[in-house]
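Asks: Starting from the known structure of chain S, fit chains H, E and A onto it as the hints suggest.
If you read the protein sequences in the order shown, they are chains S, H, E and A. Letter by letter, the first sequence follows residues 1 to 367 in the UniProt record's numbering. Letter by letter, the second sequence follows residues 1 to 367 in the UniProt record's numbering. Letter by letter, the third sequence follows residues 1 to 398 in the UniProt record's numbering. Letter by letter, the fourth sequence follows residues 1 to 398 in the UniProt record's numbering.
Hint data in this document are derived by calculation from the structure and do not stem from the laboratory. Heads up, none of these hints are tricks.
Simulated coverage check for chain S against chain E, where a stretch passes if three residues somewhere in it have a Cβ under 8 angstroms from a Cβ of chain E:
| id | region |
| --- | --- |
| 1 | 115-127 |
| 2 | 189-203 |
| 3 | 254-260 |
| 4 | 343-353 |
Think of the CB as a built atom: it goes at the ideal place given N, C-alpha and C, for glycine as much as any other residue.
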Amino acid sequence: MDFQHSEDRRMLADTLRRFLAEQAPVDRRNAAAYGDSGYSPAVWQGLAELGVIGALFPEAAGGFGGSGFDIMVVFEEIGRALSVEPFLGALTVGHALAAGRRADLLEPIIAGTSIVALADAEPQDRGPDAPYATRATPDGDGWRIDGAKAVVAQAEAAALLLVSAQTVDGASLFLVPSDAAGVSIQGYANVDGGRSGEVRLSGVTLTADARVAADGRAALAAAEAAALLALSAEALGAMEVAKAMTIEYLRTRKQFGVPIGKFQALQHRIATVLLEVEQARSAVINAADAFDHDQGADRDRRLSAAKYTVGATGQLVAEEAIQLHGGIGMTWELPLSHYAKRITMIDHQMGDQDQHLQRYIALGRAA
Amino acid sequence: MDFQHSEDRRMLADTLRRFLAEQAPVDRRNAAAYGDSGYSPAVWQGLAELGVIGALFPEAAGGFGGSGFDIMVVFEEIGRALSVEPFLGALTVGHALAAGRRADLLEPIIAGTSIVALADAEPQDRGPDAPYATRATPDGDGWRIDGAKAVVAQAEAAALLLVSAQTVDGASLFLVPSDAAGVSIQGYANVDGGRSGEVRLSGVTLTADARVAADGRAALAAAEAAALLALSAEALGAMEVAKAMTIEYLRTRKQFGVPIGKFQALQHRIATVLLEVEQARSAVINAADAFDHDQGADRDRRLSAAKYTVGATGQLVAEEAIQLHGGIGMTWELPLSHYAKRITMIDHQMGDQDQHLQRYIALGRAA
Amino acid sequence: MDLRFTPEEEAFRDEVRQFLVEKLPTRLSDKVRRGLHLTKADMEEWHAILNARGWLANHWPERYGGPGWSVVQRAIFDDEAARAFAPRLVPFGLSMLAPVLIKYGSEEQRRHYLPRILDGTDWWCQGYSEPGAGSDLASLKTSAVRDGNHYVVNGQKTWTTLGQYADWIFCLVRTDPTAKAQEGISFLLIDMKSPGVEVRPIVLLDGDAEVNEVFFTDVRVPVENLVGEENKGWTYAKYLLTYERTNIAGVGASAAAFDRLRATASSLTRGGRPLADDPLFAARLARIEIDLANMATTNLRVVAAAAHGGAPGAESSMLKIKGTEIRQAITALQRRAFGIYAQPFVPEALEEGYNGAPVGPEDANTAAPTYFNMRKLSIFGGSNEVQKNIISKMIVGL
Amino acid sequence: MDLRFTPEEEAFRDEVRQFLVEKLPTRLSDKVRRGLHLTKADMEEWHAILNARGWLANHWPERYGGPGWSVVQRAIFDDEAARAFAPRLVPFGLSMLAPVLIKYGSEEQRRHYLPRILDGTDWWCQGYSEPGAGSDLASLKTSAVRDGNHYVVNGQKTWTTLGQYADWIFCLVRTDPTAKAQEGISFLLIDMKSPGVEVRPIVLLDGDAEVNEVFFTDVRVPVENLVGEENKGWTYAKYLLTYERTNIAGVGASAAAFDRLRATASSLTRGGRPLADDPLFAARLARIEIDLANMATTNLRVVAAAAHGGAPGAESSMLKIKGTEIRQAITALQRRAFGIYAQPFVPEALEEGYNGAPVGPEDANTAAPTYFNMRKLSIFGGSNEVQKNIISKMIVGL
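Same shape as in the complex, but just chain S (with noise of 0.2 angstroms):
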């Protein structure tokens, strides 16, 4: 049993830390984040020269970490610096690559000179085992692909796209360049920061090596859980900063001649604020663990666990956050509300904390 990473992950956060705030502190970082590309390309080939995207991979796929706690400590420090660079596209297609035996595709991924990002959830809502609307037909040797996906994180600034698409084999995985004739991307900023992007697919013809996967299920499983403990990690390192941030506040601000720190009431609602975030650490420590060492529906359970978890922990959070600095919290000048932004919409991403809560209990009833 030990609860302290290993010397080479505590050196990577630290690395990774320090780049962050020297080449992305949080008014550059808003710069990016609300910019028209929607990232810092020159911190994403910063952060792919030190290697960071490589420590999201095992070796046999080229990286040289890809365990449960290097992702958790990546995606840690990303949440801490609000990074808004294509990471999670990165580990969600190179997972699923590697999952579906293709690793030898991730090669420029991990160099960081290839974006990609997962176009798997599409605009209509559809039951869990229901096919895809978007379809993929044979067409001679190769495919032809119609439909549409939704809120790909990044789609404009990414090179290939990995779409699922329903083929006579079931849930088929597809690499598809970005300026293939067919594909359009409707690009926009996200509320917390960054671009996502509706991806449409008319008629989009491909070779038949572009199908990575023919049966994708168990490569999407495998972004999915990686995407479900990144966003976990991620949520967890901004609610530190929240956290971190508003304490700092109780002490400095003033009010009837006293910092307000010294108010009980505000001092009884960050020692909850406190204990809570401990709660999440501890659940996503537990995701990794399971991330690592469990498989099939114990390490999804796990995994909901850590999502629901983080994503009622975050709306504490960052509702307390704001609450506790009055006004000025709600500002745009201030950081700590762009921070209150993120870990809210992190929420939003890959099922909420009441879907991941039924997910927990369904996966426990089939167990």
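Replies: What follows is chains H, E and A alone, placed relative to chain S:
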């Protein structure tokens, strides 16, 4: 629009409050509530003579009240005094009989000379439309009943039980003398005072006129509606007292050299209790209004809304009242603890907060 | 006890409804319903429509132009207007300054300013909060020093809502720096066009710029712009803050927002089934609906007490807390309802006449900004913490 | 980072499990599982079994009879014992007094008292709280006045758990009434058989009488019963209160209680379907299960930090708060699960050997009394409010 009770009702409430304060202060209430009979026959008879039971029924049924606000006023006082006298039985059986067009049977109930109890719930849980396990079969000119009824309030004290039982006509209602051959009652104390009992019916033979309703659904619905309103109002009364006791304790208990009501964390918690109790009062008012003016699903929805509200608010109030009192709030000696118990256990009668929230949702869908 | 309105009150409600059907421009109610930004002209348009009907200043005495309504009539009007998605009236002149002038101003001030509020000549804003004086309002520092027939004002106000449109600001200023905190404060009316007044917008987390900082540098204000007596401003300020506002619970606005939420839940599916059938979502929805129905009655109880001359005390704090909690719960669930489509941020879509392709379901993109914006409800107007202090003071008395 | 235990630790866990299977009497574990009352003899029986194995005082140094376990081993043992429904060890001698004697007592005191704790000769209870000194412990008034070779003690203690069985009580007493609150306090060991000691039971709301008031009237206590120095008792008291207890979170006990709750939910139906399939009940159950799984890791993180020599600070307050919240949530849901059958109160059914007809499902009648009894968890042992004060002091530092 008028949120004052009528002059008559205010007088009724005052009389009732004064009588209970004099005749059943909490020490005497406790002696009766936890004693052998589980209530005070003298208090019951006194209240009957004051006309309290009559206030629960309309003139057509031999009473002089019977509106939702009459029931609210009476049961709020019952809650304030933690009265354990068998009002709920009189109310439910009386309203069931009146709804079943058998108001002719109410006179001894209103006079207080016949104690009655509704024996509807059964030891084995069943679905909402499932038949009763208790069955009545034709037996000569009369009926024969076999089955069991669960947690019948004041079963031992009751002279008559209104028993629901499955017949070929559906769920019928029977008036069963508690001393009839084949009726056995296992009585026990309730954790919150008063007594209840398990009723077993083995080959109980009854004359034909014992069946007071062939199709008992309307009668049971009337009894249920009255019971939900009454229990909600009772919870409100008990919460008001628990709140007042806690406020008084905050004013007088000193720690660290000052009254503990000086501590802001506690101030904010009692403020929350205050406003939730006001919301609960509004819920009970809404339920009383629904009892008088609404029909069917509309009525039942607002009744469930009230029962849900007092269930959820009751847990808050009971737990906060104990916690803010500290250890002393947990002692048998302090009246508060008995209020906390009663408030809590009302959530175990006639469906708890979750069940009523779900009933509220289901009734809304059906509408 | 009777929750029902009288036949006269119901007739009045019908009259209000009829008026709203006829006179409330659909263009405006659509913008309100969808959470779009109202322009200055939008707000002025509705203001003028109400003024033309004589219903604008519905809580003013008749001699100053009020319609002579009872407390219950005002509650009915406010409720119906909100449910019809009428724009909220800008309260600073109508509901904040005017009551102070009516109670404490000179007859000359009343005759000058009140008609100009009614006809829209003067747009007022509020100069209460300062960067160092939020919940602790009495610690304000903006100074006004007498110089002949003028006060010379220096300092800074903040959180000045819609100050960018204002012609005038009413300010709390410190006129006696040697007095105890609450005793050296005066209530001053300042022309925003005076030399030395500067307004700077504060951008909020949702990208919106509806609040401002206002800076005063040697601003000369004629002494006749003092309301009441010098150094008695705290009394007027408190009157303004506790001035009985039947609408503080915002029941009508919450009911309208809840209707919109329910429509959203009915129109969407999640995991292949109607969102409203998701048991946890349905439970959240039902809890809010019940809380709101309870609140509606709580609010009427306070209104009825006010109609019988009861003074608002802990009640108005209670309505403020619970009202804002419910409204915030609605906006949180509205955000949650849209799932992934709450993330796209299309600020242009918040403006009238946006013709871009919609992203996701209708109105999805305003849900998160509205949620974030509405966090202000529990902070502004006396934070909910301050309201709890007030309640506790009233009931525990320590 | 590694949540897994080492092979050595897993082997130790197996050894503990084996021991529990062999040595923990089913009669006792059944009583604990079902929430029945343990008699004095029950508690002594388990105490003696552990002592025979050398595992009783598992946090004591080896030289005084501890088994020499690591922090992790102790956590494993506590966890397994709780999950096996072993009786809780009465902590007053073993875990409260003993650490104080080991750190601050004289060698003579250690040699005299510690073996008697181990072999069960002395049953200890705690004399800290007084009627006027609860959360504000330092305001205690019980006085000890030196009179030759004795202290003469007068005053009253309260909330003395299991004091009715005790041979000895360790007390905080005021030896210098002129000193500041925390400076005139001493730590005194008092023989309960001394003339002038009187114990009166306090009946709790669940009808239980496990706590007591203890009155002292001119009780003469030999001066050698003073621990450490006169007037330094507050130091020892604080040490005792913050003494690192790996078990403060009660993870094992909560896990056992949760298993029982889940079994209850599986065995019951509501409205004709399994209770565990009721979506709101299932959600409550799942929230607790997740919170508990998080807590288990939080607890291990603190244990691991302690194993590396980290000092417990805000952590132990955090574990106390969250641990008690979880336990209370479990008991509330257990009560709720039984519906109408939580109301019958059959106190005899809480005693071993009750042969009456059961009322409702098995164990239904202990659910409500247990729920009410467990409200004490957030009050005793430093109320959760005091723990929040401590956390805030540590993190905000004001």
